[in-house]
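Asker: Chain by chain, the residues run as shown.
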Amino acid sequence: MAINPIAFFVFGGAALAFSMMVVLKKNPVASAFSLVMVFFCFAGIYASMNAHLIAILQILVYAGAIMVLFIFVIMLLNADEPTFDLRRTSNVVKAGAVAFGLAFVVMLAIVFKKSNIIPLNAGFSSEEVIKLGGNSKVLSQLMFSKYILPFELTSVLLLAAIVGAVAMAKRKTGKSS
Amino acid sequence: MDQIELIAMSAKIALVVVFLLQVVPIMVWVERRGSAWMQNRTGPNRVGPLGLLISLCDALKFFTKEDRTPGHVNKFYYTLAPIVAVAPSFITFAVIPFASSINIDGHVIQFQIANLNVGLLYILSVTSISVYGIIMAGWSSNNKYAMFGSLRSTAQMISYELSMGLSIVGIVMVFSSIELGQIATAQGATLLQLGPIAIPKWGVFVQPLGFLIFLTASFAETNRLPFDLPEGESEIVAGYHLEYGSMRMALFFMAEYINMTVASAFIATLYFGGWQLLPGMTFILNHLGLEGMGFEWARVAFELASFSLKMVFFLWFFVWVRWTIPRFRYDQLMDLGWKVMLPLALVNLFVTGFMIYSGVI
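So the protein sequences, as listed, match chains A and B. Per numbering that gives the first Met the number 0, the very first residue in the first sequence carries number 0; after that it's consecutive. Per numbering that gives the first Met the number 0, the very first residue in the second sequence carries number 0; after that it's consecutive.
Note that these hints are calculated values from the structure, not bench results. Possibly wrong hints are sitting among the right ones.
Claimed, not checked - Beta-carbon label-pair distances, calculated as ranges:
1. B:W36 <-> A:Y146: 44 to 50 Å
2. A:P27 <-> B:K64: 31 to 37 Å
3. A:S154 <-> B:V320: 34 to 40 Å
4. A:L156 <-> B:D104: 51 to 57 Å
What the hints assert, rightly or not - Not close to chain B: a few residues of chain A, all C-beta gaps over 12 Å, as computed:
5. F10
6. V97
7. S135
Keep in mind the model is a prediction, meaning the values are calculated, not measured. Glycine included, each C-beta is placed from N, C-alpha and C at the ideal position.
Make the full structure from the sequences, and use the hints.
Answerer: Following this line, the structure appears as structure tokens:
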């Protein structure tokens, strides 16, 4: 999809300028605000390429999620008392939970793989996508049929990263107190 | 875009902006009179008929007060924060359909400013960025009470955004669309025919649990009581807008009331059929004896009235709840969000999936 050069240079230039500010600002909160602006510029570029879904997801996922970063920056991982202590749980339960989770992922993948795969004859041209019902429909159908296993595994990977981050944060506060 | 479409577009934008600006003083009056009514007081009744002009006086007061910037704030972000708080509330309304379409000389005019094919996601993403105004205000004020207020608000909004998003997924599954116009149109179908009474396929009838979760979450998202934790006179004074005065303070209030309006419009669109006519209105419309364009315009007027009535009811509901239910403690709020609402939203998702799979809906 062709992009209007004016839109590209305006949003691209602004994205570069704000990215510089992310690095150069001394205050972490101010650089986080600049990072949000960078994501908005990206969303602008996507929107001017008629990829509205990607633009909206850019704002929803990235700009929205930076909020969490803010909280961490400001509170400096000042974690509270854990309400659920993992150390007290037996190894059998832990292993069972992991096995159940993985089995669930595999089951989802098998179920979704069976659903109808939309015919993409001529690859991802914009005309083809519009003919099949628009960006969001094609993307979600492909994501939940052909690419279900990579999609599920990516979410598991992200979950693992979150658990790891929480575990590391907890250990740090445990040492200092 | 030719002349008719240009005129229609300008008229729609003007209508929405003027409406959203006017809703603020009227809701302030409703809030004050409503609370007085519920507490057996009189409320403001001196300025104008029924005290209606009191909001005008409030606005004048805000405009004429000294606009003072405290010395210890981060000036750039301090000035920016009220604007960032109020702008998202205005732009959300752009995708909400307030009536169906009308055909003027071959031009189909939709009563919706922007017909995005990702309308629902657009509203969710704008809601997620509306937190920035609050955190910006709290952080740039350089005041510990303001900071606590904005942190509370952010944590609260992020927690409830999850269950809000999950409850919307139920609606998307039932109507298989993320375009608000299509969702509103799909709700015109009949769900059950009980003799002469037809129960429409409104979101609230197919997603009752999802509706309750969404309603509760929208109270938390708009920072209204009983989830009014970002402010608290006895704990953190005025919360995130502690260091603000005059019109800048008023902008935060405007943001709150406009968010309320948008939330009401959103509830009406997703769960109460949007512009679908209220029961009985179809009967009146068919017996008015109008034909051709007259009938079409009457239909649009009735749809607009239905949508407005639904929205006004939920605006009143916000006020009603505020003066009925006491506020939560902060840990109760978090427990409710993570341990009750989120599991319930997931259960709702499973039940909806099962019902669609077995062909009930």
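Asker: For each hint, tell me whether it holds in the structure or not.
Answerer: Results of checking the hints against the structure:
{"no.": "1", "hint": "B:W36 <-> A:Y146: 44 to 50 Å", "verdict": "57 Å, violated"}
{"no.": "2", "hint": "A:P27 <-> B:K64: 31 to 37 Å", "verdict": "34 Å, holds"}
{"no.": "3", "hint": "A:S154 <-> B:V320: 34 to 40 Å", "verdict": "36 Å, holds"}
{"no.": "4", "hint": "A:L156 <-> B:D104: 51 to 57 Å", "verdict": "56 Å, holds"}
{"no.": "5", "hint": "F10", "verdict": "17 Å, holds"}
{"no.": "6", "hint": "V97", "verdict": "20 Å, holds"}
{"no.": "7", "hint": "S135", "verdict": "6 Å, violated"}
Checked against the numbered hints given earlier, the structure breaks hints 1, 7 and satisfies all the rest.
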